[in-house]
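*Asks:* As a plain string of letters, each chain reads:
Number of protein chains: 2
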Amino acid sequence: MSAQVKFTLDETQIPKYWYNIAADLPTPPAVLHPATQQPVGPSDLEPLFPMELILQEVSTEREIEIPEPVRDIFRLWRPSPLIRARRLEQALDTPAKIYFKYEGVSPAGSHKPNSAIPQAWFNKQAGIKKLTTETGAGQWGSSLAFAGSLFGIDVTVYQVRCSYDQKPYRRALMETYGAKCISSPSTQTESGRAALAANPDSPGSLGIAISEAVEIAVKNPDVKYALGSVLNHVLLHQTIIGQEAIKQFELTGDDPDVIIACAGGGSNFAGLAFPFLGLTLRGGRRRRVIAVEPAACPTLTRGKYAYDYGDTAHLTPLVKMHTLGSTFVPPGFHAGGLRYHGMSGQVSQAYELGLIEARAYQQLACFEAGVQFARAEGIVPAPESTHAVRCAIDEALRCKAEGKAETICFNLSGHGHFDMGAYINYFSGKLVDQDYDAAELASSLAELPQVAAE
Amino acid sequence: MSAQVKFTLDETQIPKYWYNIAADLPTPPAVLHPATQQPVGPSDLEPLFPMELILQEVSTEREIEIPEPVRDIFRLWRPSPLIRARRLEQALDTPAKIYFKYEGVSPAGSHKPNSAIPQAWFNKQAGIKKLTTETGAGQWGSSLAFAGSLFGIDVTVYQVRCSYDQKPYRRALMETYGAKCISSPSTQTESGRAALAANPDSPGSLGIAISEAVEIAVKNPDVKYALGSVLNHVLLHQTIIGQEAIKQFELTGDDPDVIIACAGGGSNFAGLAFPFLGLTLRGGRRRRVIAVEPAACPTLTRGKYAYDYGDTAHLTPLVKMHTLGSTFVPPGFHAGGLRYHGMSGQVSQAYELGLIEARAYQQLACFEAGVQFARAEGIVPAPESTHAVRCAIDEALRCKAEGKAETICFNLSGHGHFDMGAYINYFSGKLVDQDYDAAELASSLAELPQVAAE
Chain W
1 MSAQVKFTLD ETQIPKYWYN IAADLPTPPA VLHPATQQPV GPSDLEPLFP MELILQEVST
61 EREIEIPEPV RDIFRLWRPS PLIRARRLEQ ALDTPAKIYF KYEGVSPAGS HKPNSAIPQA
121 WFNKQAGIKK LTTETGAGQW GSSLAFAGSL FGIDVTVYQV RCSYDQKPYR RALMETYGAK
181 CISSPSTQTE SGRAALAANP DSPGSLGIAI SEAVEIAVKN PDVKYALGSV LNHVLLHQTI
241 IGQEAIKQFE LTGDDPDVII ACAGGGSNFA GLAFPFLGLT LRGGRRRRVI AVEPAACPTL
301 TRGKYAYDYG DTAHLTPLVK MHTLGSTFVP PGFHAGGLRY HGMSGQVSQA YELGLIEARA
361 YQQLACFEAG VQFARAEGIV PAPESTHAVR CAIDEALRCK AEGKAETICF NLSGHGHFDM
421 GAYINYFSGK LVDQDYDAAE LASSLAELPQ VAAE
Chain Y
1 MSAQVKFTLD ETQIPKYWYN IAADLPTPPA VLHPATQQPV GPSDLEPLFP MELILQEVST
61 EREIEIPEPV RDIFRLWRPS PLIRARRLEQ ALDTPAKIYF KYEGVSPAGS HKPNSAIPQA
121 WFNKQAGIKK LTTETGAGQW GSSLAFAGSL FGIDVTVYQV RCSYDQKPYR RALMETYGAK
181 CISSPSTQTE SGRAALAANP DSPGSLGIAI SEAVEIAVKN PDVKYALGSV LNHVLLHQTI
241 IGQEAIKQFE LTGDDPDVII ACAGGGSNFA GLAFPFLGLT LRGGRRRRVI AVEPAACPTL
301 TRGKYAYDYG DTAHLTPLVK MHTLGSTFVP PGFHAGGLRY HGMSGQVSQA YELGLIEARA
361 YQQLACFEAG VQFARAEGIV PAPESTHAVR CAIDEALRCK AEGKAETICF NLSGHGHFDM
421 GAYINYFSGK LVDQDYDAAE LASSLAELPQ VAAE
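From first to last, the protein sequence lines are chains W and Y.
Quick note on numbering: UniProt numbering labels position 435 of the first sequence as 435, and the sequence is numbered without any gaps.
Quick note on numbering: UniProt numbering labels position 95 of the second sequence as 95, and the sequence is numbered without any gaps.
Bound-form chain W, shown alone (with noise of 0.2 Å):
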């Protein structure tokens, strides 16, 4: 047991570039535009968002550079450390071993800080003052609202009502940083006010929350919109979880065998996954890649691959992508993160074009993974994090019963120490297993937008 255990780089070694993956993957199907269903152009998008970030999302160049200003916030957590987990291998009593990125030694307490803080650096540079933005765990808001702190940025975050509800403390956090916090939907928007006439109990959804942040945006010209997944540009600024990754595996001399990353909209997924894949497709060796989502929010392996909006008010443009209906509402679980109808469209290329797979599991057995986790390594995960907890354990249980020493790399995103009310839930047998309304999918699937391109 007395071997290297942490796997860390100095701060020098903080990328200086974010690998752009639509370099190596072929053209991807056109950004729509959700009136005329023409390809959308970056004035299309300047509502939304500053030009610089518009370019990131079009480009095709495989390095874009990381602006000194926000390479030097990431110092203070970056390079988040690789860890072996050792105690949970001898806990499985596997013969493969685990490696996991631990990216809750942010601030906020997970990857979204990566994406949070060159977002507000490229709007504060574009004279932008005012961001709003939606949450669903919380993960999001409180970067965006800690990027907004470092910045002078006021930031208002529209919180997914369950979200909003369960836990205080998130909403709490982002205060501290300064930001506004708004339960999702409000009546402070007309997107809000239609989902509140629809259903006046409705738990809210990301897709209810970006259109109501997405609505400010639009209505506001001194206000711009941050979103924390989903978008190329977003995927990008995640890049650097798996290039430091790929260095720190230099360290270890092991070279991971199986990849593994929840995903909800695809942030932290593509932040571990993408640098390896670019590795796969400029001729290096084949790696199983696993992206795991919640059996209550099926996207990859449930919903369909087709053009959709990318919210519940039809705000934003046509996206191809794996979905399952801009109307879909999830069941109100507990990993907030994952609550999301559709996925992004690179991660979706790639699960089309094969490089990558997708597993479906039910929230008890995550939790049960995740209690599992904390009590060999200490670290309370994320609840959307244990879906990557479990999928690593089960591949460890697979490689013990098949008498393979396989390296396993998972993502661990975020800690819980803000969602500590569903493990209180999970102990309490109060926590069960939630299925999507299949009659629910149907019908959000047979209201997919008619795109005449496709």
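Don't read these hints as lab results, they were simulated from the structure.
Incorrect hints may appear among the rest.
No copy is singled out in the list; a pair is fine if it fits within one copy or between any two copies.
Restricting the straight-line Cα-Cα distance to at most 27 Å, the calculated cross-link-like pairs of lysine-lysine (DSS-like) are [unchecked claim]:
| id | residue 1 | residue 2 |
| --- | --- | --- |
| 1 | Lys430 | Lys180 |
| 2 | Lys129 | Lys219 |
| 3 | Lys6 | Lys247 |
| 4 | Lys129 | Lys180 |
| 5 | Lys6 | Lys124 |
| 6 | Lys97 | Lys430 |
| 7 | Lys97 | Lys404 |
| 8 | Lys219 | Lys130 |
| 9 | Lys97 | Lys6 |
| 10 | Lys219 | Lys180 |
| 11 | Lys16 | Lys6 |
Here the structure of chain W is known, so what remains is to put chain Y in place on it, guided by the hints.
*Replies:* Chain Y alone, transformed into the frame defined by chain W:
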């Protein structure tokens, strides 16, 4: 803003020895048996602690070896980073350099595992399978629960009632690690029942909770007791903090002029300060060393240096220390870890010798500092740690007023993720400054035991 921020060491540089300040201090006043008032010998403590810890308690060896299995667990998060708070310096516009040693990177969120791990280890080596303890803020209880989960030891935690009620998530964390958590005063012990009889609405205190945990250990030969602060061996275990900081300051090129930590029982304070004091005591330069306590429980600044019991029910030995009297129950303010009537004998001795200063702050000023720190550096401090932050900011502002570029180092002993209820109360204006009851303090001090040895 682009110079180095984090000063990290690799895991081979985790200290191999604890630093025992007893080697460099005059012989301290004897610890006395509560019944006989005769000096206690190692055998008197055997009902509570395994012999290895008792020997550490009374040792005068300067260096005590850290067992390799303990260091191996420390690898999960140690060495902890020394961080230059450049953004805070900038916000304060001070010529001072502010560094903090960040102990919140431990899985349990504070410095407490530094002692919980070795305590659990030495108990396990002695064949002990059950431990009891108390917890105020919850940081110590979480840490012993974490340590218990790694060594297969059953842990029962008596949590001070006001903390138990305020912090359900903290309880959930202990339960996630597999520990059992009981609100104190409880009906399970004579001490608890006596406290409830005296005051059914008692908010609890560390003194009462210690009595309960000690009573269980005394009455059950297969159960030992673990304390998270105050005792020499606990302070000893924490000295890895300061030892690492000394090495890290060599990397910075700076040398701290002022060293600051909050002090409840004294463990995080001693952990950072004693190794630096040791350098001074062995002929090195003199630095200012400041212990910061809450104005509502001002042990060093308003207490008496006298023999007193460590607990309310007078089950513990008599220790000469700064004390407010063992019957003193401080108001239920938010820094639960600082609500102890006494102060470690070694810290008290250092204070009497003029080696350290003490300062008391009201809580509103501390939370204000905590929020300022969070908005500059991202990390939300535990309420206890905000006392150190307040003092560091005040020292930096003094430097500004005096035009001095001093180097300040404080111990950020833990994060506040499980204490956001206190921040919610702060933002909503419900948090108020609280004074101790002067009449209660007078009566408590009047009840100090008469000790012939004095």
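*Asks:* For each hint, tell me whether it holds in the structure or not.
*Replies:* Going through the hints against the structure:
no., hint, in the structure
1, Lys430 <-> Lys180, "between (31 Å within a copy, 19 Å between copies)"
2, Lys129 <-> Lys219, "within (15 Å within a copy, 64 Å between copies)"
3, Lys6 <-> Lys247, "both (13 Å within a copy, 19 Å between copies)"
4, Lys129 <-> Lys180, "within (14 Å within a copy, 48 Å between copies)"
5, Lys6 <-> Lys124, "between (35 Å within a copy, 25 Å between copies)"
6, Lys97 <-> Lys430, "neither (34 Å within a copy, 50 Å between copies)"
7, Lys97 <-> Lys404, "within (10 Å within a copy, 52 Å between copies)"
8, Lys219 <-> Lys130, "within (13 Å within a copy, 62 Å between copies)"
9, Lys97 <-> Lys6, "within (14 Å within a copy, 29 Å between copies)"
10, Lys219 <-> Lys180, "within (18 Å within a copy, 53 Å between copies)"
11, Lys16 <-> Lys6, "both (22 Å within a copy, 18 Å between copies)"
The structure fails hint 6 only (numbered hints given earlier).
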